[in-house]
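Work out the full structure, taking the sequences as your base and the hints as a guide.
Number of protein chains: 4
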Amino acid sequence: MRHPDEDEEDIRMAQSQAPEGAEPEKPPLRVGMVGYAFMGAAHSQGWRTAGRVFDLPLTPVLAAICGRDATAARAAADRHGWATVETDWRALVARDDIDLVDICTPGDSHAEIALAALAAGKHVLCEKPLANTVEEAEAMTRAAEAAYRSGRVAMVGFNYRRVPATALARRMVAEGRIGRLRHVRVAYLQDWLVDPQFPLTWRLRKEQAGSGSLGDLGAHIVDLAQYLAGERLAGVSALTETFVRERPLPAGAVRGLSAVSAHGTGQVTVDDAALFTGRFTSGALASFEATRYATGRKNALRIELNGERGSLAFDLERLNELSYHDGTEPGERAGFRRILVTEPDHPYLDAWWPPGHGLGYEHTFVHQARDLVHAVAEGRRPEPSFADGLQVQRVLAAVEESAEKNSVYTPIAA
Amino acid sequence: MRHPDEDEEDIRMAQSQAPEGAEPEKPPLRVGMVGYAFMGAAHSQGWRTAGRVFDLPLTPVLAAICGRDATAARAAADRHGWATVETDWRALVARDDIDLVDICTPGDSHAEIALAALAAGKHVLCEKPLANTVEEAEAMTRAAEAAYRSGRVAMVGFNYRRVPATALARRMVAEGRIGRLRHVRVAYLQDWLVDPQFPLTWRLRKEQAGSGSLGDLGAHIVDLAQYLAGERLAGVSALTETFVRERPLPAGAVRGLSAVSAHGTGQVTVDDAALFTGRFTSGALASFEATRYATGRKNALRIELNGERGSLAFDLERLNELSYHDGTEPGERAGFRRILVTEPDHPYLDAWWPPGHGLGYEHTFVHQARDLVHAVAEGRRPEPSFADGLQVQRVLAAVEESAEKNSVYTPIAA
Amino acid sequence: MRHPDEDEEDIRMAQSQAPEGAEPEKPPLRVGMVGYAFMGAAHSQGWRTAGRVFDLPLTPVLAAICGRDATAARAAADRHGWATVETDWRALVARDDIDLVDICTPGDSHAEIALAALAAGKHVLCEKPLANTVEEAEAMTRAAEAAYRSGRVAMVGFNYRRVPATALARRMVAEGRIGRLRHVRVAYLQDWLVDPQFPLTWRLRKEQAGSGSLGDLGAHIVDLAQYLAGERLAGVSALTETFVRERPLPAGAVRGLSAVSAHGTGQVTVDDAALFTGRFTSGALASFEATRYATGRKNALRIELNGERGSLAFDLERLNELSYHDGTEPGERAGFRRILVTEPDHPYLDAWWPPGHGLGYEHTFVHQARDLVHAVAEGRRPEPSFADGLQVQRVLAAVEESAEKNSVYTPIAA
Amino acid sequence: MRHPDEDEEDIRMAQSQAPEGAEPEKPPLRVGMVGYAFMGAAHSQGWRTAGRVFDLPLTPVLAAICGRDATAARAAADRHGWATVETDWRALVARDDIDLVDICTPGDSHAEIALAALAAGKHVLCEKPLANTVEEAEAMTRAAEAAYRSGRVAMVGFNYRRVPATALARRMVAEGRIGRLRHVRVAYLQDWLVDPQFPLTWRLRKEQAGSGSLGDLGAHIVDLAQYLAGERLAGVSALTETFVRERPLPAGAVRGLSAVSAHGTGQVTVDDAALFTGRFTSGALASFEATRYATGRKNALRIELNGERGSLAFDLERLNELSYHDGTEPGERAGFRRILVTEPDHPYLDAWWPPGHGLGYEHTFVHQARDLVHAVAEGRRPEPSFADGLQVQRVLAAVEESAEKNSVYTPIAA
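Residue numbers (the UniProt record's numbering), protein chains in the order written: chain H, 1 to 414; chain B, 1 to 414; chain Z, 1 to 414; chain V, 1 to 414.
Hint data in this document are derived by calculation from the structure and do not stem from the laboratory.
Please note that a few of the clues may not be correct.
What the hints assert, rightly or not - Between beta-carbon pairs, the in silico distance windows are:
(1) H/Ala351 - Z/Ser282: 41 to 47 angstroms
(2) H/Gly230 - V/Gly176: 36 to 42 angstroms
(3) V/Gly230 - B/Asp55: 41 to 47 angstroms
Owing to the predicted nature of the structure, the values given are computational and were not obtained by experimental measurement.
Just so you know, even glycine gets a beta-carbon here, dropped at the ideal spot from N, CA and C.
So this is what it looks like as structure tokens:
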């Protein structure tokens with residue numbers, strides 16, 4: 001294993017920590033989280049770890065977790081290390097001893113919880129997509145703006161901005177390393193719906209999930225593409241498809257599904273796949289694909305940016321790597337290089353392990369917690385803001401509108 | 001180096017060749033080629049080599065090469081081994097001692113030469129795209145059908161069907177290995193126009209080239225996608241773009257360019273990039289991208305097919321490999337495998353080198369020559385036929401129509 | 001993002017946790033860790049996280065951290081979440097409220113601490129290499145055996161056995177998937193000593209580190225190769241080299257270095273690189289390389305195993321992947337497949353994220369903590385045991401002996 | 001497809017060819033080839049193609065092919081385009097109308113044929129390994145030196161120096177791009193002997209093949225490593241192994257095998273695999289592995305060179321690519337880059353296809369023919385010379401000696 005000199009490290013560590021002893025304790029940031037399934041576990045890991053790895057101005061405290069089922073919520077609290085349990089998010093939001101509300105529920109409850117939390121003077125972290133409709137997202141954005149003027153911050157959880165490799169890509173684009181942008185090529189490929197017998201979960205029902213691949217995967221890639229490009233989409237042309245329109249109901253889970261057939265199946269009411277092309281405001285072209293039917297692709301969020309001076313490419317299935325082609329080099333020695341994004345001068349990496357010792361998926365949530373804590377402490381508007389989430393929502397709405405209107409090119413509302 | 005037993009090989013070779021001595025000589029197939037630049041060199045290599053590697057029913061003879069400039073044509077004949085030279089394609093077509101006319105000129109002359117050659121009773125091989133317009137392609141297809149009834153064959157040069165890896169992919173799709181098709185993802189990425197100072201060659205002028213990336217690269221990927229899928233596109237929605245609209249004229253080459261500016265520049269009148277999405281007749285979705293602005297991508301023709309039972313992926317920059325995911329395997333051991341397409345039971349490979357000793361780009365032309373010789377000798381309709389070339393032309397026309405009509409979904413004419 | 005059905009997950013989680021409420025609390029496993037630099041941070045992460053992710057029979061408690069410098073140790077305790085601080089490891093070992101001593105110091109103190117801890121009735125986890133000499137390792141192994149008869153377990157920290165991909169490889173070898181072994185090819189490549197101005201840290205001094213690349217990197221690959229092969233090395237032939245024999249002293253760190261020159265430089269007294277070949281007991285051949293001079297390779301621990309029925313390959317720089325070639329498949333479709341080791345039926349993965357959401361380096365320490373907790377609770381001899389660590393030490397000693405004796409083939413002592 | 005401007009190309013071609021018409025015809029280089037199996041086919045392709053692609057000072061003529069079996073030799077002549085046939089190599093060597101003898105037979109006849117050809121005043125190209133013993137190679141080298149003084153050249157067929165990517169690597173090493181060399185890591189992995197039922201071909205018999213993997217694969221990698229490093233090996237330490245010692249006889253091929261068992265099997269009398277480590281004269285370390293038992297590796301000749309300023313890596317299974325790490329770049333953007341070695345300023349590439357249109361295995365023989373023609377025309381000593389072949393032979397002899405002497409480090413005779 002590669003180590004820096006441990007003596008040196010000890011000295012450095014001692015020095016960087018020494019003032020703390022003398023100073024007053026860091027104030028806490030007391031987090032209350034709503035939801036405790038997949039995203040809840042990931043956010044828990046983020047809150048628990050961020051202060052152990054980074055020097056933070058506030059100490060995150062896992063104060064309360066909230067879920068409707070008291071037993072399950074209690075179990076999640078024990079598992080993930082949350083101090084207390086609530087079964088009604090309204091009670092959580094009303095508590096005086098909570099500073100930040102972290103919303104990890106399905107999209108249909110985001111707006112209601114976020115608005116209440118902001119109204120109660122809490123900082124808010126809201127999972128993506130921000131909401132199920134543009135209207136909800138607009139209301140949330142207005143509330144976030146108002147709250148910001150009162151010193152409260154609101155962030156949307158596009159965690160893939162916080163992979164060190166994507167953060168490095170953003171930095172390189174901002175530095176001008178790829179020059180004038182020509183093409184952005186993005187796909188988010190998964191395969192968990194390939195089997196027609198996979199059951200009809202809430203993610204396949206419009207009333208809860210809002211949309212299918214589009215809102216789940218498409219939201220991520222629209223945000224990431226615009227973030228890396230440093231500019232917004234101007235319009236899109238789209239196709240969507242639902243390949244398998246009827247699926248078996250999950251065992252014992254017939255709560256509130258409208259179109260239940262005699263055979264224990266129900267209608268899939270969201271898209272299985274969404275393809276769209278578009279133009280950025282600068283004139284660069286973009287293509288997007290979001291699907292859950294790409295057999296063998298498990299979590300292949302891929303993005304490539306081609307500019308006049310160079311190109312960048314990333315694949316989430318190899319998240320510690322960034323491909324970079326420097327177009328200004330002599331052709332004889334040019335080529336896409338694989339940057340192993342584990343060096344101390346790479347984003348977030350000075351706090352982690354020696355070069356070559358990679359990070360994983362969950363670290364995006366550690367970095368998200370880190371960045372949000374800084375924003376709270378410094379009163380800065382966090383990125384991505386609710387306004388960013390709203391803008392992504394508008395792109396998704398334009399995609400749906402284009403798909404309904406025979407793929408006609410549809411401008412994004414400003 | 002890995003060798004089969006050479007004694008065994010000698011015996012096999014002797015046996016396979018022995019009958020020849022007793023039999024009458026193989027009849028010749030006398031080829032006359034029009035054009036002698038890049039494609040001419042590649043086709044020459046194909047004709048010269050095919051009979052040295054494969055057991056062919058006819059012996060290809062490089063009988064005549066044709067170019068307007070006598071000196072240059074003579075030089076090309078010497079260089080590539082053609083027996084005689086013509087400076088007028090009409091003279092070539094009129095010769096009695098030519099059996100097959102191989103058309104390697106820019107697209108604007110394909111129709112005229114092909115129609116004359118077919119009328120003169122020649123077999124025809126025509127470079128892609130088949131023609132610059134659907135109307136020309138229709139006329140060529142009608143003529144090819146008529147000629148076929150008289151025993152003449154006509155083929156269009158979509159050589160990328162003849163990479164062993166793509167031919168293997170086709171075989172695997174036909175065997176049902178990927179099952180019901182869901183997604184086809186295709187791109188053809190080059191970067192030779194990134195520099196705005198690259199000169200205005202004939203390929204950037206609509207009157208000669210017909211279109212830009214679309215006809216040059218797009219034609220290849222539309223054909224390959226439909227060939228591998230085993231089905232046709234039903235409709236498309238498209239965006240096209242010309243990023244750099246004015247370019248310097250090539251040195252000393254101001255022949256017949258209309259819009260020449262005072263500064264020695266001229267208008268680019270074709271597309272730089274074309275993006276389109278579409279639906280196959282089965283309902284599978286497809287996305288296509290053709291561009292000459294993908295910095296660092298030199299000849300990246302990439303195609304991925306996702307089906308209910310598996311997936312296949314190919315990249316022309318690694319043309320000896322095919323990626324295959326078998327979706328029926330247990331997840332624990334499943335993954336995309338890199339098939340090194342160099343085994344003796346892979347398409348075309350029994351005639352070549354031992355496993356792992358790869359082929360190159362030019363071998364597609366050797367294989368094309370081989371397949372065409374067989375079609376001629378056996379009176380079989382070659383694939384891809386002019387009708388296939390016409391259908392690709394119709395897809396390209398629908399792409400252009402959609403791009404002009406605000407990307408609206410445009411059905412492909414049947 | 002791909003999610004399992006969250007409702008289902010909630011139910012599962014609630015069920016799996018429900019009994020806990022009724023049952024008595026899980027007993028704690030109180031850990032005392034000696035050392036707090038790089039390895040200390042990694043082990044802290046492991047102890048802190050294991051019980052949050054896995055269902056463990058005991059709850060790890062970060063009870064005490066020990067370091068000579070009180071201020072630095074206090075800072076480390078605060079940073080990593082350890083409850084108390086000791087400045088003398090003897091005091092730590094003597095404490096009644098410590099169940100397990102985790103030794104993260106340089107190799108020259110392993111034996112003394114481990115022997116004391118075992119004598120004091122503690123379980124022990126000892127970082128690799130087990131010791132700086134075979135004699136020390138033998139004493140430690142005897143003590144571990146004695147302790148085991150009294151219900152105490154001792155494990156050596158070869159954490160790379162606990163990458164899911166290597167654990168999967170072991171499982172596949174044990175299942176016979178690669179058949180009779182022919183070749184094992186292993187390298188551990190880093191590059192942090194390429195610069196001759198990199199300072200003379202303790203890792204480059206024989207009296208503290210024992211050896212250089214050999215003990216640091218070589219120990220890992222010898223253990224991993226034998227573990228994956230499921231058999232031991234019989235003998236080795238070795239070359240070692242120190243490319244840069246004098247290096248600048250680290251700033252302000254001239255404590256106890258013997259050969260300090262006038263110019264503030266000191267002698268490198270360990271190997272920079274070690275190459276060796278060997279034979280396994282089955283007759284399979286092996287090659288090993290450990291170096292800190294492989295420019296551009298950051299943490300490239302690579303291992304490939306070739307057997308009569310198949311092959312496996314792994315690279316730590318892509319730790320979520322395992323390459324597998326199934327030699328029993330028809331050649332037409334065979335190829336090395338990239339298994340993304342993130343499926344729920346892969347080792348350790350049922351407790352983590354959905355497929356395609358990869359893990360990182362530090363998770364090996366989480367898994368190590370998990371496995372050790374189980375061993376403690378169940379009174380099982382943990383793997384790798386001190387005896388395993390001793391055997392690795394004997395291989396390293398044979399390497400050194402061979403290198404000193406002109407590379408002559410040197411059997412491994414049994 | 002990417003094209004240069006075809007008009008421009010036509011002009012260039014016309015100009016480059018124009019003088020030819022005026023000048024006297026290029027003189028021929030009349031080649032007589034001994035042997036016509038795998039290597040014979042590859043060399044034929046080389047001789048036939050070189051003058052069609054490159055501007056050569058002499059025109060290669062496929063004058064005569066020689067094989068003991070008249071029918072088979074006749075068939076090979078027809079297949080590959082050789083003008084005449086001989087059945088006795090002595091007759092070939094005696095012919096006045098042959099300028100160069102190309103020896104493609106097994107190693108046991110190289111010396112006799114080469115000595116006779118040189119004595120007869122022919123230029124010679126001899127397949128590798130140069131001979132089966134050092135003594136033979138010494139005699140051949142003396143004869144080559146004497147012939148050179150009379151204007152005859154002799155070259156040994158280490159064709160892997162002539163992959164554009166390896167030639168580029170050599171150029172970059174010579175330019176100092178990787179700086180002082182530290183490590184060379186080489187393997188040549190094939191798998192065609194994995195099946196114990198693969199028959200006992202001549203390549204597995206010491207009296208014909210000289211050695212097994214060592215002479216066949218090891219000779220290639222020793223030559224390539226020394227060529228790329230630009231220096232020679234000083235000594236080696238080796239292990240060899242024959243995993244399967246008895247194999248079935250090939251059908252109907254029981255000519256002259258001594259140890260034929262009752263069951264139609266015979267003894268394998270060569271090595272199956274050879275592993276060796278070594279030191280270069282500069283002190284750099286090297287490791288080598290040659291095997292025919294690396295299941296799934298078909299033709300994986302891999303070499304990596306690590307130097308103080310950078311690294312290079314190559315794999316023959318991806319022969320159009322070279323990996324390069326520039327160690328002088330800032331770590332933030334450094335990484336191994338994949339150079340697609342298809343640019344016009346790459347070695348040999350100005351005569352071939354546009355960027356990204358790769359070459360294959362057989363092109364190494366085209367390049368070999370090209371380089372040899374130049375050497376003949378210019379009276380230059382070709383590389384690799386017989387002296388180079390002899391030196392490789394000495395390395396192989398040292399490997400065998402070390403393997404016999406318990407792997408002891410064995411210096412290479414100067």
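These are the hints, each one checked on the structure:
{"no.": "1", "hint": "H/Ala351 - Z/Ser282: 41 to 47 angstroms", "in the structure": "45 angstroms, holds"}
{"no.": "2", "hint": "H/Gly230 - V/Gly176: 36 to 42 angstroms", "in the structure": "38 angstroms, holds"}
{"no.": "3", "hint": "V/Gly230 - B/Asp55: 41 to 47 angstroms", "in the structure": "45 angstroms, holds"}
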